[in-house]
Every structure is written in C-alpha cells, then in structure tokens.
Amino acid sequence: MSDAETPPETDFDPVAPNTGEEFEPVDVFPDSDDFDLRPGADSCFKCSTCDTNCPVAEVDDDFPGPKFQGPEQWRLKQSDDDHEIDDSVMDCSNCMRCDNACPSGVPLSQMHNTARGEYVSEQMDKLSVEYIRNRILANYRTSAFLASKVPRLANFAMNFGPARWVMEKTLGVTSERDFPAFAKQTFRDWWADRGGQVQSRENARAARKRRGLPEDADKKVAYFHGCYSNYNTPEVGKAMVRVYEEFGYEVVAPEQKCSGTPMFANGMLDDARRHAETNVSSMSELVDEGYRAIASCTSCSMALRQEYPELFDIDGVDKVAENTFEAVEYLRIHEDLKGEVQAADVDGDLAEEFAYHAPCHSRNQGLDRQAVELFRDLDGAEVEDVGDSCSGISGTYGWKEEKYEKSMEIGEEMFEHMEHAEGETGMTECPTCAMQMEHGSGYEIRHPLELLEAALVE
Amino acid sequence: MAIESEVLVIGGGLGGLTSALAAAREGADVRLVSYKQSTLRQASGLVDILGYTPDGDGPLTDPYEAIPSLPEAHPYRKVGVQTVRDALSLFDDAVPTYEGEHTDTNALLPTHGGSIKPTARYPAGASAGLASDTRDTLLVGIEEMVDFDAPHVAAHLDATGVPFDVRGETIRFPGDLRADAKVTRYAKLLDTNSEVAVRGRMVPAREALAQRVNPLLEDEERVGFPAILGDDNPGAIRDALGDHLGVDVFEVPMGPPSLPGLRLEDALFSALDEAGASIETGNPVVDFEGEDRIEKVFIEKNGAKIPNSADQYVLATGGFVGKGVESDRDGVYEPVFDCHVPHAADRYDWFEGELFGDHEFARYGVATDDDLRPLDASEHSEFENLRAAGSVLGGYDFAAEKSGSGVSIATGYAAGQRAAQEAR
Ligand SMILES: Cc1cc2nc3c(=O)[nH]c(=O)nc-3n(C[C@H](O)[C@H](O)[C@H](O)COP(=O)(O)OP(=O)(O)OC[C@H]3O[C@@H](n4cnc5c(N)ncnc54)[C@H](O)[C@@H]3O)c2cc1C
Ligand code: SF4
Ligand code: SF4
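Taken in order, these protein sequences are the chains called A and B. Quick note: the first sequence uses the working numbering, first residue 1, plus one each step. Quick note: the second sequence uses the working numbering, first residue 1, plus one each step.
Please note: incorrect hints may appear among the correct ones.
Unchecked claim - Mimicking PhoX-like on lysine-lysine, the simulated pairs with C-alpha atoms at most 25 angstroms apart in a straight line are:
no. : chain 1 : residue 1 : chain 2 : residue 2
1   : B       : Lys296    : A       : Lys319
2   : A       : Lys319    : A       : Lys257
3   : B       : Lys305    : A       : Lys319
4   : A       : Lys220    : A       : Lys257
5   : A       : Lys338    : B       : Lys78
6   : A       : Lys209    : A       : Lys220
7   : A       : Lys257    : A       : Lys184
8   : A       : Lys257    : A       : Lys149
9   : A       : Lys169    : A       : Lys126
10  : A       : Lys220    : B       : Lys305
11  : A       : Lys149    : A       : Lys126
12  : A       : Lys126    : A       : Lys257
13  : A       : Lys220    : A       : Lys238
14  : A       : Lys338    : B       : Lys296
15  : A       : Lys209    : A       : Lys338
To be verified - Just so you have them, the derived chain A footprint on chain B, three or more residues with Cβ under 8 angstroms:
no. : region
16  : 33-47
17  : 276-282
18  : 312-324
Derived from the structure by calculation, the hints contain no laboratory data. All figures in this text were calculated on a predicted structure; none of them were measured in a lab. Using N, Cα and C, we set each Cβ at its ideal position, and we do this for glycine too.
Just chain A, with the same shape it has in the complex (with noise of 0.2 angstroms):
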C-alpha cells in the first residue's frame, strides 16, 4: 500500500478489538484442547506493525516474526491438516511485545503459547537435551526450593567455574552468567517468623488508626510474590508487606506455586497448568472473601492476568485475572499514592538517582510510565527511564547458550542507556530484566516497591 494514495478503509474489517460493550478476553478453545486460532488469523489484515515491535526478529535472522509465528502459521495449520508448527517458534521469547502492537486486536502471543505448546508436546525429542535443559530453565521453583533449603553451598556451587563449564556444555546453560544469589532466610520464612497474617492483621489496624480511617474497615490484600522475590530477593516481599500495611492493609500469603511465566515461555503447558491450577485455586478463594491479588513481579501478574485465562479453562480463572493487580497500581487506584509521594522524601541508602527499565510484561498491562511518573516529585530520588528497548534476558531466553549473543545484543540499547543516565543504580520490576542489567552494566538494581517503602514507612 502506498502512502495516503489507496484509501486504507476499504479492506479492512477487522474483529474490533474495543467494541465499547463488555470486553471479551478471546476465548479461544474453550472446552476441548484443539488448538483453534483461526478467528484471531482471520483478523489480520498483515499490516505488519507487529513485526516491527519484535525484538527478538530486529537482531536474529532466523526468526521469521510474529506475524509469521501468529497468523500466517495458523493459516497454514488451518488448510493442512498435517502442518508442522515450525521449529523457529522456540526462538519467541515470549516478551509479548507484539501483543500491544497489533490495531486490529489479534491475540498473538496466545497464538505462539499455543504453538509452542503443541510444537514441544508433538514433535520435540523428550530425550533431547534441549528440552531436558528448557525444563530444569522452566521448572526453576524446583531449583530454587532445593537451594533455599542450602543457600551458602548453592550459591557457590551454582557459580563454581568447572561446574558452570559443565553446564555450559552438556546442557546448553551459559556460562557467561552468574547465578542469582539465594537469600538466606526466604521471604516465607520471615513472614511465617514474623508472625504471618496476625501481626499483619494488628500492624494494619494501628495503620488505620494513625490515618484516622475506622479500624475495621474492609482493607486486605493476597500477596503473589512468585519465586524470585520468595527464594532471590526477600527485600523486595518485605517493602511490599510494610507498605501496604502503611496504607492500612492486612496482607496475607497465600499457598502458591510458580507462575508458568518460565514454562509459556518453553512450551510446557502442562507443567504451567499444574502450577496454575493451585494458584488459582488459593487466589480464587480469597477473592470470593475480599482479597485482591497483588504481585510485585510484572510477569507474575501478567500471568494471572491475561495468560491463565487466555491457556487454560480452569474455575475461577476469570474471576482472580480480573482482581489482580500489580502492587504499586493497586496503591496508584486505592489511595492517594502520589500526593503521599510528593509530600515525602527519602535519605540514606534509597536517596539515589535511579536508571530505569520498564520490563516488556510491564508494557502490557499499561504499566510501562508508573514508575518514572510516581516519583518524578519525590525528594532526594530520582528515576531516569532508560528507553523503550526490550532488556533482552526475557527469563529462561537469554540462559540459553545459542541465545546469549542475541540476548545481549538486544539488551545492549538499555546498557547504552544505562551508561548515559545519571544514576548508578538500576531499577525495574521484573526479577530478570533485574539480572540483565546488572549483568550488562554491573549496577546494583532495585525495586520500585523498595523506593516506595523508604519514602513512606517510617
């Protein structure tokens, strides 16, 4: 199509993606497992903005796109029987960036989810050593739970050079990585030590006190704070508990199990079905008396939000996707988190000038400016956004040792950023984005809800 020469109207009749009545989430198989996508392929009318949101097809030539893995894919499935999915659609990482792209609503990364799934449950080797690797990557609560349980002895033997190039070479697990640091006490573990939901019960009713709010009012949250910030970084679980009960809160932790973030990404849908099915079921429950969900790990919340409901047909499933939020949002909606924000300041370890990553999942859910533009009034801090670039790690992607350049090379805009910006400390909200900046600028990296608790708890 040539400029404004052909009047683009007129073959363009896509599903509408806001059709200003109630919403609908595509459903797309709801009650047999027959992977159907052909409504969302039919939609696209391959204007190929989605390609061009990909990071993954800006720096590898072998990956044909997400219009490609999307609908064209489908297409083809569609009028053979016998198509095979094809194998590039392991090269996704599952950043979701095409999803915001696409004007005419086509559920892409529902598509490559489903692609993946059916492309690792039919035709992937299971002796192979791809997948053997993809599963430990994906199944990382597991590695994480056992090197809780150690914490001294896992961080040293995880880094141990000759271990590592053992890994490396057997298992495709890059050796250019350090292994995230295992906290020696688990967020559980202090909160089961502080003594769980009864003291945060009292702490939010002398919260509510000091705020002159009536003390029973109905204020109480679900903490989904997924494995990273259970088993890596407690500090993070901790800001999150004592702010919200600042705000009057009483907080809860729920029984919970991975997200599947890890395992979308490498086509275990099984495996994220199981470990959907307790977090649904836990969070279901809670919701039904109240409880919102609040994840401080964007992917986290983008599973529950939009990826349970999209994948799998599990009770309640809707119900808890439309009462999680990410738990700065929650705050941003509730209460008068920037006016509080702005009468405040901080000093001491947190009066810092940040660099910023706005992670990929962080995009989706609308959720990319919330960090820059809460604090842009806050004294004695400073947070820089570092650009619109995809990190590049997308979880388990850049682990792998054949994606490791490409992942760097995607990341290396932000590094450039970085580089420029201000500050020497980073600051994101996803665990990995976290990983890969440190890794690729060798700054410290913190979480908003970090910031948000030295400036507002005393």
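Starting from the known structure of chain A, arrange chain B with the ligands on it as the hints suggest.
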C-alpha cells in the same frame, strides 16, 4: 478513588499526542491513555496539510490559502487558518527533525510508488530527495524488499516529468539476511553498525552497504534508499553513507510498517514526556459515567475496570482504521461515548460504485461545534467537557485530500489547548 488528572486524552495517535502536548504546555496536568499503537506505524510519516481540494483540484501549492473555501463541515473550518498555523508551530518545535517550516508552500516528494506527493512537513531524511531539486538521482532498491522496485519507481518518476535524470538499481543487502527480513532488522544492523560477512570478510554494515552501491553510481549527485536507514540514529547513518559515496543520501518514505512513522511517534512521545504528562498505553477505554458532563471513564484491564477521572476530556480514538469509529449492519457509531455519527440511513448510500469513488463513508465521523464538542442528532453538544480531535472527526476525506496528519495536528492542538484553558 480514581486516577485523576485535569485533562484526560483518549487515544495515542497524532491527534491525541498533539492534544496532550498542547494541554501540557498550557500548564495542565495531563494524562494520555491509549489502547494500541497509533496508525503512525502504518502511515508514511509525512505531514500533509492539504494536497487537493475535496473536488480533486490540485496539487495545491499553498494549503493555507485553500482552507477558507473548504466546506463548512470541514474540521479546518471549525478551527480556522490561524490555529492550523499555530498547531504546526507546536509540531515544529516538538519534532525538530522535520523540515518544511520555512515556507507555506507544499513540498513535492517522490513516493515509493513513483508518484509525486504534495506535503507540508517531511523528515530531514527525505529532504535531499525533493522533486523540485534538479540534481540527478540514483534510487537503490533492495532485492528482498519487493515493495520498492527501484528501476520501476525511477521510470514512474521520470514519466511524471521531474526536472532531473533518475535511474534505479537493485542490490542485495550485505550480510545474509533472511528473504523477508523486517524493516527493523535492517534498521538495527545499521544503527549498531554491526559487522556483516561480505565474501568471507567482516565489514561494518554501513560501509558494506556503501561498497555495494559505489560501483553502480555514475554521475548522480544524490542517492535514495527505501526508508530503512536506522531507527535511533538515522542522521548518522545517512552521513556515513554519504561520506562513503561522496553524494547526498535520502530516504523514500515507505508503506506499512513505516520507520519514519515509528520515529515520529517516538519523537512525540518524548516531547510529551518532557512536558510532564502521564502516559498509559495498552488498554482501551470502554465505558464512562456521567450525564451532561463526563465524570469518569473506565479503562479495561483483563476484566478489571480502572476508573480515571478528569475535568476535561479529549476523544482522539481515530477513524475506521484506529477504531474510533465503527460500523455494523445497523449503522455507524462512536464506540466509547456513543457520540452521534451522522450517516446515510441506507448502507448502499455509503459507497460509490467504483473503488476510489467519492465515498461518503470516507467522511464519516463525529460532527462538532466550533469548539470541537461532538454534537448529537439535534445539534446540541453531547457533553460539556468533551472535545474530539483527529480522524474520529467527520466532514473530510483524508486519503483523497491528503490532509490526514494536518487535520489531526490542528484539531488536536485546538482541543488540547481549549481543554487545558477550561480546566484551569
Ligand atoms: C496507511 C496509511 C497511510 C497514511 N499516509 C499519510 C500520509 O502520507 N500523510 C498524512 O498526512 N497522513 C497519512 N495518513 C493519515 C494519518 O496518519 C492519520 O490521519 C492520522 O495519523 C490519524 O491520527 P489520529 O490520532 O486521529 O488517529 P490514530 O492514529 O488512528 O490513533 C487513534 C488511537 O486511539 C487509540 N484508541 C482507539 N480506541 C481507543 C479506546 N477505546 N481507548 C483508548 N485508546 C483508543 C488507538 O489505539 C490509536 O492509538 C495515513 C494513514 C494510513 C492508515
Ligand atoms: S512475543 Fe516477543 S519475541 Fe515473541 S514474537 Fe512477539 S514480540 Fe517477538
Ligand atoms: S499487527 Fe495484527 S494485523 Fe498487523 S500483521 Fe500483525 S497480526 Fe496482522
């Protein structure tokens, strides 16, 4: 509680971005919310004010001169010529990488289809390619990019009678890119100037590209490429190629997906950021509360409805392409506030027989008063604190007139500025 601001702009296209920028520079506390990326990624990135009259006369030399004789319902008539000028000044200030502001006269630019197009503002990268410039020209196409067939484009241009000699050559892009490589892949390679393999030797991409073109160059003084020359550093890439080749280098704007459109979008978002506005993209506004005044709107996030409230609202959700105007069997409607969209009751009256005929359909959109407030069927304003801007407006046919970006910028500016003044 709700997320609050003084002015809330709905839609992140050219109309919404200009609106939010005008309001923020007026000192208001502004929030822009947008669902998907704008049609800028599909548009050429050129800013047309008016290329042809609604009757098809043109190309027009001076678009401003033609505005007073446009039909009364035309958005330009609502805001007036002076506002169009002020709006373009705001644009020039916010996007310093564009040219054309030195004159009222339309520039003539070669398109990737080989025609000549009248336009008011163009990216600096296109400026060495102006059709009024008499220097001989070589156009270089990339074998894999079928939508820019350089010899073909050159022949077309020649047939339009341009005052210079023009030739087209096709090359293979250096490095082993896949046959359907994305425009962003070319751009990234050139941006980072990464090394590519050329006959077994590793050469930086910019140099490798110049080496391919060099032997083809005769005595042309300028060389045009399809618009793939970088996303972050297009100026540096053009300079480097120009130095290697000893000529001026320019880009010919391309169809979707469009790098110039993408760069323009980036420039406007950073101007907005600098002006201190809040921005949220990724989720649609689906509902509102209020009778004569809009009290709140709701943003839909996977089933949750997030309330946003403001004193003044701007509706800049785009036309049929952006999904700000929709149609079904029963008629044409505006989906967010259900503002009235005047249209013929009989579907068969929407279109003409021929594909490129004078379709009424193309002019459908909300009608407004002179303050850009949408009007209901009995010509009363729908809401006292809602204004509309950009291609959600009716009364003009951007594709026929070549006025798309101009109308979005002018009405966006007017709506944003007035909303801010009222909110203060
Ligand atoms: C293929 C093509 C080529 C073009 N070429 C040229 C050219 O060469 N020169 C020229 O001057 N003009 C050109 N145009 C026209 C020009 O690009 C448009 O007129 C102009 O960009 C429209 O801007 P807009 O802001 O009004 O709408 P849009 O760009 O359509 O933006 C609307 C925005 O609103 C958002 N939105 C929609 N519904 C909602 C909702 N419910 N909630 C929140 N957000 C919502 C959309 O996601 C989108 O981001 C071209 C257009 C197209 C499509
Ligand atoms: S999810 Fe990310 S990597 Fe995968 S196709 Fe979409 S944009 Fe590309
Ligand atoms: S952005 Fe949407 S419509 Fe355009 S090519 Fe991609 S899937 Fe198709």
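Status of each hint after checking the structure:
1. Lys296(B) - Lys319(A): Answer holds: lysine 296(B) to lysine 319(A) is near 24 angstroms, not above 25 angstroms.
2. Lys319(A) - Lys257(A): holds (18 angstroms)
3. Lys305(B) - Lys319(A): Holds, because 13 angstroms separates the two Cα atoms, which is no more than 25 angstroms.
4. Lys220(A) - Lys257(A): The hint holds at about 21 angstroms.
5. Lys338(A) - Lys78(B): Answer violated: lysine 338(A) to lysine 78(B) is near 38 angstroms, above 25 angstroms.
6. Lys209(A) - Lys220(A): Answer holds: lysine 209(A) to lysine 220(A) is near 16 angstroms, not above 25 angstroms.
7. Lys257(A) - Lys184(A): holds (20 angstroms)
8. Lys257(A) - Lys149(A): holds (17 angstroms)
9. Lys169(A) - Lys126(A): holds (19 angstroms)
10. Lys220(A) - Lys305(B): holds (19 angstroms)
11. Lys149(A) - Lys126(A): violated (29 angstroms)
12. Lys126(A) - Lys257(A): holds (24 angstroms)
13. Lys220(A) - Lys238(A): The given pair, whose Cα atoms are some 16 angstroms apart, holds under the 25 angstroms limit.
14. Lys338(A) - Lys296(B): Status holds; Cα separation ~19 angstroms.
15. Lys209(A) - Lys338(A): Holds: lysine 209(A) and lysine 338(A) sit about 21 angstroms apart, inside 25 angstroms.
16. 33-47: holds (count 10)
17. 276-282: holds (count 6)
18. 312-324: holds (count 5)
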